[in-house]
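Visitor: Each chain, letter by letter, is given below.
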Amino acid sequence: MLPHWVILLVSFGYLGLLFAVAYYGDKRADAGRSIISNPYIYTFSIAVYCTGWTFYGSVGRAAATGVGFLPIYLGPTLAALLWWLLLRKIIHLSKVFNITSIADFIASRFGKSMKIGGLVTIIAVVGIMPYISLQLKAISLSFNTLFHFHGIPQESGFFLGEDTALYVALILAVFAILFGTRHIDVTERHEGMVAAIAFESLVKFLAFTAVGLFVTFSIYRGPGDLYTEAMQVPELARLMEMDALPGGYAAWFSLTFISMTAIMFLPRQFQVLVVENVNEDHVRTATWLFPLYLFAINLFVIPIAFAGVMQFAGASVDPDTMVLALPLMHGHNLLALFVFLGGLSAATGMVIVESIALSTMLSNDLLVPIMLRLKLLRTEGMGGVLLTIRRGCILGVLLLGYLYFRLIGESYALVTIGLVSFAAAAQFAPAILLGLYWKGASRSGALAGLAAGFVVWAYTLLLPSFAKSGWLPMSIVDPGPFGISALGPYHLLNLTMFDPITHSVFWSMLFNVGFLVAVSLYDRPTGLDQLQAAMFVQGSRASDTGDTRFWHGTTRVEDLKGLVARLLGVDRAERAFQSYARQHGLKFNSDTVADAMLLEFTERELAKTVGAASARVMMSSIIEGEALSIEGLMRIMDETSQVIEYSRQLEQKSRELEVATQELQRTNERLKELDVLKDDFVNTISHELRTPLTSIRALSEILHDEINMDPDDRQRFLGIMVKETERLTRLVNQVLDFSKIESGAVRGIQEDLELTEVVQEALATTIQLARDRNVVITNQLPSGSVRVTGDRDRLVQVVVNLLSNAIKYCDDQAGKVHLRLVLEPEEVRVEVRDNGPGIRPEERERIFEKFHQLSDTVKGKPHGTGLGLAICKAIVQNHGGRIWVEDNFGGGSIFIVTLPV
Amino acid sequence: MGRLPESKRRNERLIALFVAAVLALNFPLLSLASVMKNFWGIPVLYLYLFFIWALIILAAGLTLRNRRETADPPEET
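Protein chains in written order, with the numbering used here: chain A, 1 to 901; chain B, 1 to 77.
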């Protein structure tokens, strides 16, 4: 038997060691060399999930139900598989929004709502209270077992007295206060605390495994031996099948489900998983290592339970204490002491983290916003007040737990109390999960869902616990209030097929999810709500997608700094603003008006300490002007977009005008050009007309004056006159001709004709002209026939024109003209090459214009009327063909006419 | 169809693993193991549960093993 003073000395020694670990962790953090930035420490800190309930209660539950304790650890294993997807998103969002607790997280998702933060806090405190009382019960139970085992009379007058639990609560409160409220900035992680928790997880694991090994291999000869003996005991053999589980497979499933939610959404789990997370990538290791921890710590639960039942057969030993009783019974006092420390580790770890998490929620999401609203709390010197509030909350939470323990605790086994809390934590799951993946989940919906789920939970689990403890008449539970069994908390609407936990989980989830979805579907969320919803669902990484657009009005930088200073102290505020200014390359004067980015920065700085909802209240207290509504925002955007639209239209108009002006200018140029051309033409025509007229007149005057002229001369003169008049006629005809073709008056005769004949006729016509000028004409015609549709005479005219031009312009000495007819699939080409001086590229287009003449030819003076090619072009176009000119390699040019076949 | 990026493929594996694990650890598959028999002296039900459990842990570890990839941002699902 251990003397009491040894037990107490060891207990306090152990707590002292924890302090040392935590102190070391904090020191290292302050020095910037974090020891908790490590996936293994992270995983061990998550193992705060295994509480005194795991340590003592699992064995108790195994002794009663066989594998009934397992869903509580299989659920987290399943949930861990989704951590890589789900938890990383939550961690990421929490870092973006400086989330301090689960209440803060849910409130932030639903428009930073104060009401939701408050409701979540209330649910958490009421729901977790039984769980804290459970730890107190576990610790006092283990003390009493150690003290009173075998009914050895206790040493009298010992100062711990009767009320172990109260002292335990008080000591733990001191512990939590020392760890949890060193800084007021709660997003600065509690590194020391995490280090201590991880250490405790190691201790409880080693202790439990030690007793497991002792029982299995020292009391029995291995697991085979143990189970074989157990098979002989009917009540144990019964536990080797699922039938032993009260509630059967439905209970198995519902326990798995609430454990899945509990591992993430119990306030303390959220604290270590999310708030204390250093690096998102640590989740990778935790996903398999944490289930492995659970696996290992549960390996010996059944052997210990069976051994206990067999060893204590007939003796009245509480199954919850068998872990401790077994080594004691076999006289291994040191092992018992180690096991006791393991249990102490499990319980204290949970209580410390839970009370810190709850106190943060209580102060940030419930008390501070209310006090700010009611103006009970002035923002001056708020930092100190906050710390006091938080410390008070820790003490309050632990005392509430103690109260519940005194009122209820004695009447329940450990596991049942824990499951009541699990069912409460499950109420957060719909709001978080739907909130993360469904943008439509609205603030009112979440509020309704949480409230409905909480009320159903309280009615179906909390209320009966009071009745069972004798504080309310048992008739409320059975048959039900006012004797109506349909209202009975354990069988609502006479649903009797489930055990109480499954029954409560079913109804509360039904109401929770139902209200959340139904109300959301008929809700019209405000702008801020929609913005937060979108950011949470998208898991947006960009930190500049804040909601600062919702603040407007003018606030001086000095005022903002003052606000932060009240909370964090002047020095830290000054430092924060200076580093902000440095980062953004700004310089603040005392009168500088804060921009939206700075407002956002300030709000987040505040949120780090007091949570999102309180930060919003504080900001609105100093910002002049209301937070901008989405409607206002929309109006501004509408106006802006209208202005933009107008200016765009104006721009377009002016662009159109410019285009029109340019077109006008071009037309004008053309007109001027044409005018010049026309003048030239008139000149040319006059000149052309005058030349023959002059010669006719001169000759006729000679004939008139010289009556006795030599008849030969007279004949010659008359011949010239005839020729000149012919030329005049031709000229006049051409002008008329052209204007007819131009105006489209002559469509020409459409007949089927042989193009080779046309070309040959033209060749025949020009052969004389060529001979006169010593030009050699060659040609290349296809052997077969080339049929086109058109006006024969007009086409002859075109070819003649091209040929005579070529003859006129080709080389003086050795003129060569080559005519080629090429048949292509869809058209026929007529090419006329000469070896003249060629046509300059800029002229090539324009020679087909009417009145245009090659002014700069070698021969100096224009030859024709300036209409020939224009007529050709008009004719060819009338036939649906094209005409253009190209360079003839080796000098001269090629005129090309294509006609459709 | 092109190859999925490795991170997306891993998410799919995890979800599939989750579904498989939920099925293996619940009715009706679980009921198949609920028999009065021993293997090496250990009841079949316990063997089954702990074996599946170990398998899940192993699969999760293998799925997330590749450390070469740095943590990528949480994906939309």
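Take these hints with a grain of salt, some might be off.
[Unchecked claim] Restraint ranges, calculated between C-beta atoms of paired labels, are given here: (1) B:5 - A:495: 54 to 60 Å; (2) B:31 - A:144: 20 to 26 Å; (3) B:31 - A:313: 49 to 55 Å; (4) B:31 - A:228: 35 to 41 Å.
[Stated by the list, open to error] Straight-line alpha carbon distances no greater than 20 Å define the calculated SDA-like cross-link-like pairs of lysine to any residue that follow: (5) B:37 - A:231; (6) B:37 - A:711; (7) A:723 - A:740; (8) B:37 - A:29; (9) B:37 - A:167; (10) B:37 - A:236; (11) B:37 - A:468; (12) A:468 - A:481; (13) B:8 - A:242; (14) A:678 - A:689; (15) B:37 - A:481; (16) A:95 - A:19; (17) B:8 - A:241; (18) A:740 - A:696.
Hints listed in this document are in silico derivations from the structure and should not be mistaken for laboratory results. Yeah, the Cβ is synthetic: ideal placement off N, Cα and C, and Gly gets one too.
Visitor: Please go over all the hints and tell whether each is borne out by the structure.
Guide: Status of the hints after comparison with the structure:
1. B:5 - A:495: 54 to 60 Å: violated (47 Å)
2. B:31 - A:144: 20 to 26 Å: violated (40 Å)
3. B:31 - A:313: 49 to 55 Å: violated (30 Å)
4. B:31 - A:228: 35 to 41 Å: Between residue 31 of chain B and residue 228 of chain A, where Cβ atoms are some 25 Å apart, the hint is violated.
5. B:37 - A:231: Distance of about 10 Å is within 20 Å: holds.
6. B:37 - A:711: At roughly 152 Å apart (the allowed maximum being 20 Å), residue 711 of chain A and residue 37 of chain B break the hint.
7. A:723 - A:740: violated (25 Å)
8. B:37 - A:29: violated (54 Å)
9. B:37 - A:167: violated (48 Å)
10. B:37 - A:236: holds (14 Å)
11. B:37 - A:468: Since the Cα atoms of residue 37 of chain B and residue 468 of chain A sit roughly 39 Å apart, the hinted pair is violated (cutoff 20 Å).
12. A:468 - A:481: holds (14 Å)
13. B:8 - A:242: violated (38 Å)
14. A:678 - A:689: holds (16 Å)
15. B:37 - A:481: The hint is violated at about 46 Å.
16. A:95 - A:19: Measuring from Cα to Cα gives roughly 28 Å; hence the hint is violated.
17. B:8 - A:241: Violated, at roughly 40 Å.
18. A:740 - A:696: violated (29 Å)
The structure is inconsistent with the numbered hints 1, 2, 3, 4, 6, 7, 8, 9, 11, 13, 15, 16, 17 and 18, although it conforms to all the rest.
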